[in-house]
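Enquirer: Each chain, letter by letter, is given below.
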Amino acid sequence: MYDETQEDSQEAEAAKNDLSYVSLEGNIGCMVNGAGLAMGTMDTIKFFGGNPANFLDVGGTATQERVAKAFKIILRDPDVKVVLVNIFGGIVRCDLIAEGVLAAIKEVDVTIPVVVRLEGNNAELGAKILSKADIEIESINDLADAAKKAVELAE
Amino acid sequence: MSILVSEDTRLIVQGFTGSQGTLHSEQSIQYGTNIVGGVTPGKGGQEHLNKPVFNSVEEAVAEVDPNASIIFVPAKFCKDSILEAAEAGIKLIVCITEGIPTLDMLEVKNHIDNIGARLIGPNCPGVITPGEAKLGIMPGNIHKPGSIGIISRSGTLTYEAVKQTTDLGFGQSSCVGIGGDPIPGSSFIDMLKLFEADDQTEAIVMVGEIGGTAEEAAAEYIKNNIKKPVISYIAGQTAPEGKRMGHAGAIIAGGKGTAKDKIDKLSKCGVHVADNLVSIGSKVAEVLGR
Chain A
26 MYDETQEDSQ
36 EAEAAKNDLS
46 YVSLEGNIGC
56 MVNGAGLAMG
66 TMDTIKFFGG
76 NPANFLDVGG
86 TATQERVAKA
96 FKIILRDPDV
106 KVVLVNIFGG
116 IVRCDLIAEG
126 VLAAIKEVDV
136 TIPVVVRLEG
146 NNAELGAKIL
156 SKADIEIESI
166 NDLADAAKKA
176 VELAE
Chain B
45 MSILVSEDTR
55 LIVQGFTGSQ
65 GTLHSEQSIQ
75 YGTNIVGGVT
85 PGKGGQEHLN
95 KPVFNSVEEA
105 VAEVDPNASI
115 IFVPAKFCKD
125 SILEAAEAGI
135 KLIVCITEGI
145 PTLDMLEVKN
155 HIDNIGARLI
165 GPNCPGVITP
175 GEAKLGIMPG
185 NIHKPGSIGI
195 ISRSGTLTYE
205 AVKQTTDLGF
215 GQSSCVGIGG
225 DPIPGSSFID
235 MLKLFEADDQ
245 TEAIVMVGEI
255 GGTAEEAAAE
265 YIKNNIKKPV
275 ISYIAGQTAP
285 EGKRMGHAGA
295 IIAGGKGTAK
305 DKIDKLSKCG
315 VHVADNLVSI
325 GSKVAEVLGR
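Protein sequence lines, in the order shown, are assigned to chains A and B. Each residue of the first sequence is one higher than the last, beginning at 26 in my numbering. Each residue of the second sequence is one higher than the last, beginning at 45 in my numbering.
Just so you know, these hints were derived from the structure itself, not from any lab. All C-beta atoms, glycine included, are put in the ideal place defined by N, C-alpha and C. Certain hints may be false.
Below, simulated EDC-like cross-link-like pairs (lysine to aspartate or glutamate); rule was C-alpha separation at most 20 Å, straight line [as the list claims (entries may be wrong)]:
no.	chain 1	residue 1	chain 2	residue 2
1	A	K173	B	D319
2	B	K287	A	E50
3	B	K287	A	D167
4	B	K287	A	E149
Sample of chain B residues lacking proximity to chain A, with all beta carbon distances greater than 12 Å (derived) [said to hold, decoys possible]:
no.	residue
5	R54
6	T61
7	V80
8	T84
9	K95
10	T146
11	L150
12	K153
13	H155
14	I186
15	E204
16	K237
17	T257
18	A283
Kindly generate the complete structure, drawing on both the sequences and the hints.
Expert: Below is the structure:
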């Protein structure tokens with residue numbers, strides 16, 4: 026018998042929202058598209074001296090709706106001090122993803138620092154949209170630099 | 045040369061008229077892939093994206109002579125679609141769909157091996173030979189024709205490896221996503237064999253992840269059979285035990301399938317392991333001495 030009350034509360038909430046989430050011990054929240062890249066992002070954070078708070082695969086499309094749900098789940102963990110968003114755009118254009126991420130941050134009212142790394146189709150345009158936003162977002166195109174920044178902000 | 049697909053590929057799309065089939069077929073056609081038609085049961089005789097639609101793969105084979113098929117149908121229909129393509133004589137079948145039951149795959153794998161068809165995936169981004177043909181959902185613009193062969197269990201990690209080898213000027217001969225499921229149609233070893241025999245490929249990048257023993261088996265194979273340099277990255281060094289990390293096959297169970305075990309084995313077998321996701325490209329440059 027499956028009993029969701031026996032599950033980690035964030036993992037149960039994520040499962041309900043069709044997001045793949047595993048909670049970990051650290052303080053850097055991760056939101057990534059793709060399971061492999063999500064693991065790779067956690068490893069990169071660790072490599073630069075930080076500790077990931079979770080595994081989260083937001084899925085291939087990374088729409089505003091899914092990103093907002095993902096933020097809500099990550100922010101339920103009181104240890105999280107910063108969120109690193111790592112999206113490799115693929116078929117979906119990065120400017121559209123950037124707009125979705127911005128709208129989601131406003132919708133959820135995120136008050137901790139957010140580092141966003143966008144790569145792929147129209148990545149530069151995406152970064153420009155993020156940097157013009159009236160909320161505090163670090164937009165960093167290089168994954169190593171983005172991970173280092175997140176580690177620094179989590180200290 | 046390249047492996048699996050080239051400008052000679054004549055592709056049909058199973059699940060052609062669905063939303064995913066339509067989106068990715070449009071992208072593939074734009075990339076220059078020769079799509080000769082599609083299959084959607086009940087829509088035979090229509091045209092879609094200016095290509096003919098057939099009711100079955102058999103009909104498509106008779107009319108437009110395809111030599112490869114890509115599958116975008118929902119998971120529960122994939123077993124039938126893969127077997128239909130194999131039985132109609134298609135020798136290369138790429139299945140993108142995630143969530144096919146493992147028992148279905150067990151049956152499919154046995155059957156297609158007997159027929160002699162090759163299946164890439166399921167739960168994968170597909171196969172691309174840059175500048176020639178794109179059979180999959182990967183963004184075409186990050187690729188560049190070149191000398192590195194890439195094999196990976198993960199979609200977005202493949203894109204990372206591609207981007208890094210493009211940025212450093214190497215480019216790719218072909219890139220194959222073998223998929224993140226416990227029973228893939230093709231293994232790392234199957235692809236290593238093809239890249240070893242391919243003149244255009246100078247070095248091979250193999251991207252693995254936690255779970256199973258595919259990387260260990262590949263390491264042993266590389267030691268005994270592969271003369272080209274192999275660079276590897278394994279994702280999931282920080283993954284906890286007993287939790288499935290998104291992909292059905294990505295789980296450390298009973299202490300088996302850890303990233304450390306895989307990295308140790310690969311290193312022992314002469315594979316050049318990048319210690320981090322961001323250093324795959326620079327590891328390639330280091331190994332090739334430029």
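Enquirer: Determine for every hint whether it applies to the structure shown.
Expert: Against the structure, the hints:
1. A/K173 - B/D319: 16 Å, holds
2. B/K287 - A/E50: 14 Å, holds
3. B/K287 - A/D167: 29 Å, violated
4. B/K287 - A/E149: Since the Cα atoms of B/K287 and A/E149 sit roughly 36 Å apart, the hinted pair is violated (cutoff 20 Å).
5. R54: About 23 Å separates B/R54 from the closest Cβ of chain A, which puts it past 12 Å; holds.
6. T61: Fine: 18 Å to the nearest Cβ keeps B/T61 off the interface.
7. V80: 22 Å, holds
8. T84: Fine: 21 Å to the nearest Cβ keeps B/T84 off the interface.
9. K95: Correct as stated: the minimum Cβ-Cβ distance to chain A is 20 Å, above 12 Å.
10. T146: Consistent with the label, B/T146 stays out of reach of chain A, its closest Cβ about 17 Å off (over 12 Å).
11. L150: Correct as stated: the minimum Cβ-Cβ distance to chain A is 22 Å, above 12 Å.
12. K153: Consistent with the label, B/K153 stays out of reach of chain A, its closest Cβ about 22 Å off (over 12 Å).
13. H155: 28 Å, holds
14. I186: 7 Å, violated
15. E204: With a cut-off of 12 Å, B/E204 comes too close to chain A, as the shortest Cβ separation is near 7 Å.
16. K237: Holds, because the least Cβ-Cβ distance between B/K237 and chain A comes to about 23 Å, which exceeds 12 Å.
17. T257: 17 Å, holds
18. A283: 6 Å, violated
In terms of the numbered hints stated before, the structure departs from hints 3, 4, 14, 15, 18, listed from lowest to highest.
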